[in-house]
Amino acid sequence: MSTTTKAAPIVHTPDFMNGDEFRIPVFKLLKQDGSPYKNAKLPDLDKDKALRIYRAMLFTRVLDERMLAAQRQGRLSFYMQCIGEEASVIGSTAALDDEDMIMAQYREQGALAYRGFDVDEFMNQLFGNEHDYGKGRQMPVHYGSSKLHYMTISSPLATQIPQATGYAYGQKMAGQGHCTITIFGEGAASEGDFHAALNMASVHRVPVIFLCRNNGYAISTPAHEQFSADGIAPRAFGYRMKVIRVDGNDILAVYQATVEARKLAVEHNQPVLIEAMTYRLAAHSSSDDPSGYRSKKEEEAWRDKDPVLRMKLWLQEKGWWSDDDEKREQESLRRDVLEAMKRAEKREPPELDTLVSDVFDEVTPILAGQLDDLKAHIRKYPEAYPKGAKSLNGKDAGGAKHA
Amino acid sequence: MPKMNMLQAINDALDIAMAANDKVICFGEDVGIFGGVFRATSHLQEKYGRDRCFNTPLVEQGIVGFANGLAAQGSTPVAEIQFADYIFPAFDQIVNETAKFRYRSGDLFNVGGLTIRAPYGGGISGGLYHSQSPEAYFAHTPGLKVVVPRNPHQAKGLLLGAIRDANPVLFFEPKRLYRASTGEVPEEDYELPLGQAEVTKEGDDITLLAWGAQMEIVEKASELAEKEGISCEIIDLRTIVPWDVETVVESVLKTGRLVVTHEAPLTGGFAGEIAATIQQRCFLYLESPIARVTGLDTPFPLTLEKEYMPDHLKVFEAIKYSINY
Ligand SMILES: Cc1ncc(C[n+]2csc(CCOP(=O)(O)OP(=O)(O)O)c2C)c(N)n1
Ligand SMILES: [Mg+2]
Chain A
1 MSTTTKAAPI
11 VHTPDFMNGD
21 EFRIPVFKLL
31 KQDGSPYKNA
41 KLPDLDKDKA
51 LRIYRAMLFT
61 RVLDERMLAA
71 QRQGRLSFYM
81 QCIGEEASVI
91 GSTAALDDED
101 MIMAQYREQG
111 ALAYRGFDVD
121 EFMNQLFGNE
131 HDYGKGRQMP
141 VHYGSSKLHY
151 MTISSPLATQ
161 IPQATGYAYG
171 QKMAGQGHCT
181 ITIFGEGAAS
191 EGDFHAALNM
201 ASVHRVPVIF
211 LCRNNGYAIS
221 TPAHEQFSAD
231 GIAPRAFGYR
241 MKVIRVDGND
251 ILAVYQATVE
261 ARKLAVEHNQ
271 PVLIEAMTYR
281 LAAHSSSDDP
291 SGYRSKKEEE
301 AWRDKDPVLR
311 MKLWLQEKGW
321 WSDDDEKREQ
331 ESLRRDVLEA
341 MKRAEKREPP
351 ELDTLVSDVF
361 DEVTPILAGQ
371 LDDLKAHIRK
381 YPEAYPKGAK
391 SLNGKDAGGA
401 KHA
Chain B
1 MPKMNMLQAI
11 NDALDIAMAA
21 NDKVICFGED
31 VGIFGGVFRA
41 TSHLQEKYGR
51 DRCFNTPLVE
61 QGIVGFANGL
71 AAQGSTPVAE
81 IQFADYIFPA
91 FDQIVNETAK
101 FRYRSGDLFN
111 VGGLTIRAPY
121 GGGISGGLYH
131 SQSPEAYFAH
141 TPGLKVVVPR
151 NPHQAKGLLL
161 GAIRDANPVL
171 FFEPKRLYRA
181 STGEVPEEDY
191 ELPLGQAEVT
201 KEGDDITLLA
211 WGAQMEIVEK
221 ASELAEKEGI
231 SCEIIDLRTI
241 VPWDVETVVE
251 SVLKTGRLVV
261 THEAPLTGGF
271 AGEIAATIQQ
281 RCFLYLESPI
291 ARVTGLDTPF
301 PLTLEKEYMP
311 DHLKVFEAIK
321 YSINY
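Going down the list, the protein sequences come from chains A and B.
Residues in the first sequence are numbered from 1 upward in steps of one, following full-length UniProt numbering.
Residues in the second sequence are numbered from 1 upward in steps of one, following full-length UniProt numbering.
Fair warning: there could be bad hints in the mix.
Distance condition first, Cα-Cα at most 20 angstroms in a straight line; then the derived DMTMM-like pairs of lysine to aspartate or glutamate [as the list claims (entries may be wrong)]: (1) B:K306 x A:E345; (2) B:K306 x A:D20; (3) A:K380 x B:E223; (4) B:K201 x B:E219.
Just a few of them, taken from the derived set where beta-carbon distance is under 10 angstroms, the chain A residues facing chain B [stated by the list, open to error]: (5) M101; (6) E130; (7) T221.
Computed, partial: chain B to chain A, Cβ under 10 angstroms [said to hold, decoys possible]: (8) N110; (9) L253; (10) G256.
If you are wondering where the hints come from, they were derived from the structure by calculation, not from laboratory data.
Bear in mind that the values here come from a model prediction, so they are computed numbers and not experimental data.
Cβ atoms here follow ideal geometry from the backbone N, Cα and C, with glycine treated the same way.
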């Protein structure tokens with residue numbers, strides 16, 4: 001019995017194929033000046049939704065600018081910017097139902113901003129204070145929100161991709177018409193987890209959307225040293241999965257591709273791979289300096305394809321946005337971000353007890369003992385552990401810790 | 001003697017190993033032109049070409065699987081895992097393959113040429129996934145040597161020893177110390193022996209045992225103890241597997257007291273193994289229970305990292321407890 005799905009044609013010469021037989025097109029709708037391509041049929045996007053998207057893009061830019069500066073001033077230990085990839089991340093999120101699951105990598109703060117994560121929620125995580133949902137355990141930018149259906153970020157790359165397949169399988173079983181999108185870099189797609197995820201999704205007919213941000217680099221490693229194929233998209237063929245490649249700096253193309261992908265996923269249980277062609281305009285992170293591995297010229301060429309500017313020009317052409325609106329929005333966002341940062345910095349660190357909670361559902365006797373020993377030690381040397389001592393003192397004083 | 005920080009010493013060791021033996025090949029994520037995210041492989045690609053120093057795709061199981069095959073063929077691969085926290089996708093290749101290659105083939109094949117380098121440890125605001133000390137997982141797998149250097153001089157000599165050892169070696173580098181300080185490092189090619197601990201300071205009242213970045217902590221604690229008139233003997237274990245039982249036994253027979261410290265969690269940590277062996281070998285000579293000063297039995301935190309760390313004050317308290325027992 002054949003294990004392939006179609007009866008194969010038979011040939012009598014040893015011809016090899018390498019995939020170059022398939023040329024994968026790039027789906028684009030908007031030119032950089034914000035006008036549509038001649039034959040492009042733009043998606044139905046009403047003014048409210050378009051502005052919700054654009055405001056999330058502006059917010060993400062302002063947040064990134066301000067927090068990188070804060071890192072440079074030593075107020076924050078670490079930061080990662082989304083700049084250049086806002087359309088890929090926000091355009092795809094906007095095409096989903098707000099209750100669909102998002103399982104992202106770390107550079108997708110725009111998706112959360114679109115869903116309505118507020119500026120204080122961002123700041124509390126960045127500063128790891130007592131209000132951080134993750135209780136100050138993870139590095140900055142490892143956000144999570146159960147109410148916004150955004151899985152907490154995990155640093156080990158690609159681990160969320162097969163998890164997304166499993167999560168979406170559960171959604172299919174639950175039968176409420178939801179799907180999962182998982183977002184990851186072209187570098188992470190080299191991990192075994194990526195391949196396992198696509199194969200299982202295809203075999204088990206899972207409503208999951210795999211969105212690869214092909215931004216050209218994995219830290220210093222350029223995409224052409226990451227794979228020798230034509231990007232990530234052709235891998236879908238190996239799993240007989242639907243695939244589309246989009247201009248990741250074209251908000252409308254990303255949006256529409258994801259709308260269609262969602263239909264395939266939710267209505268037909270067909271997983272989809274989307275490869276968004278984009279560029280990481282910033283350094284990998286605040287710890288990185290790209291001048292050692294790529295040219296300013298290359299960066300400039302991509303700066304000219306700015307996805308936020310492209311959307312702004314389209315909005316202006318529609319008469320939905322003006323330079324005045326832009327100025328007002330920018331100013332108010334900058335003020336919001338700055339004030340929220342000051343608030344977050346002043347908040348207390350997480351309680352000492354959070355060191356041992358959530359390891360299991362309940363604190364085990366061994367952990368309780370370790371915490372007691374630690375408390376006794378901190379009482380002996382309070383000046384050596386200012387955060388722990390503060391937490392203990394707050395308790396001793398009988399609450400009323402936060403002004 | 002030139003002064004180097006630990007990264008420069010590691011870079012120097014790799015340079016010497018590659019110059020001396022053209023079978024030595026260095027690879028991993030970002031190790032090529034960029035020289036690795038910590039720059040341990042700086043200039044190696046320029047010097048030895050892209051065939052001998054290169055970026056790999058981002059896939060740790062691939063890196064170690066490839067390294068296993070390359071070592072089996074007779075080359076001397078030095079694979080970098082960007083952070084020890086990211087060694088786990090390669091766990092199967094290391095535990096089931098690297099460690100068992102020689103044994104399962106009856107020594108028809110081996111991967112003895114393989115060295116895996118990985119930065120480990122906390123104290124850099126790295127949170128859960130840029131702070132772990134995974135040595136105990138690998139110590140539990142027979143067939144792997146595990147080495148951890150404490151300073152630049154040790155790093156160069158031990159890394160050269162590891163690369164030239166006839167067994168696969170996991171070489172964990174204390175990244176908190178990478179640029180923390182410099183020390184004198186001989187210019188020439190030298191190897192330090194694997195499997196040998198080093199007594200770095202002699203003393204009479206208590207033995208303090210550590211490795212890697214914890215050595216600095218132990219030294220600070222011993223200074224506090226000395227002020228109280230407690231004489232500490234300090235041992236750097238240097239090699240976790242195979243560990244130098246005799247040097248530790250000899251010291252504990254003299255002092256009658258032992259404190260072992262590591263950053264990794266208590267339960268299942270390598271200090272437990274040491275404590276069990278030493279109590280068996282030195283039972284009648286022990287004046288107090290062997291103490292372990294370690295990380296908590298939790299994942300690594302971020303905001304409360306200072307509280308989590310087994311620092312010099314915690315070691316000092318353990319010393320006093322042991323002395324006053
Ligand atoms: C399993 C694992 N290996 C290595 C790393 C270190 N690391 C963090 S980000 C990164 C590059 C990721 O590149 P890509 O997936 O393209 O995403 P981008 O940063 O471009 O958004 C690497 C190697 C990691 N976090 N996890
Ligand atoms: Mg990338």
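Consistency of the hints with the structure:
| no. | hint | verdict |
| --- | --- | --- |
| 1 | B:K306 x A:E345 | holds (18 angstroms) |
| 2 | B:K306 x A:D20 | violated (55 angstroms) |
| 3 | A:K380 x B:E223 | holds (19 angstroms) |
| 4 | B:K201 x B:E219 | holds (9 angstroms) |
| 5 | M101 | violated (22 angstroms) |
| 6 | E130 | holds (9 angstroms) |
| 7 | T221 | holds (5 angstroms) |
| 8 | N110 | violated (25 angstroms) |
| 9 | L253 | violated (29 angstroms) |
| 10 | G256 | violated (24 angstroms) |
Comparing the model with each earlier hint shows violations of hints 2, 5, 8, 9, 10; every other hint is respected.
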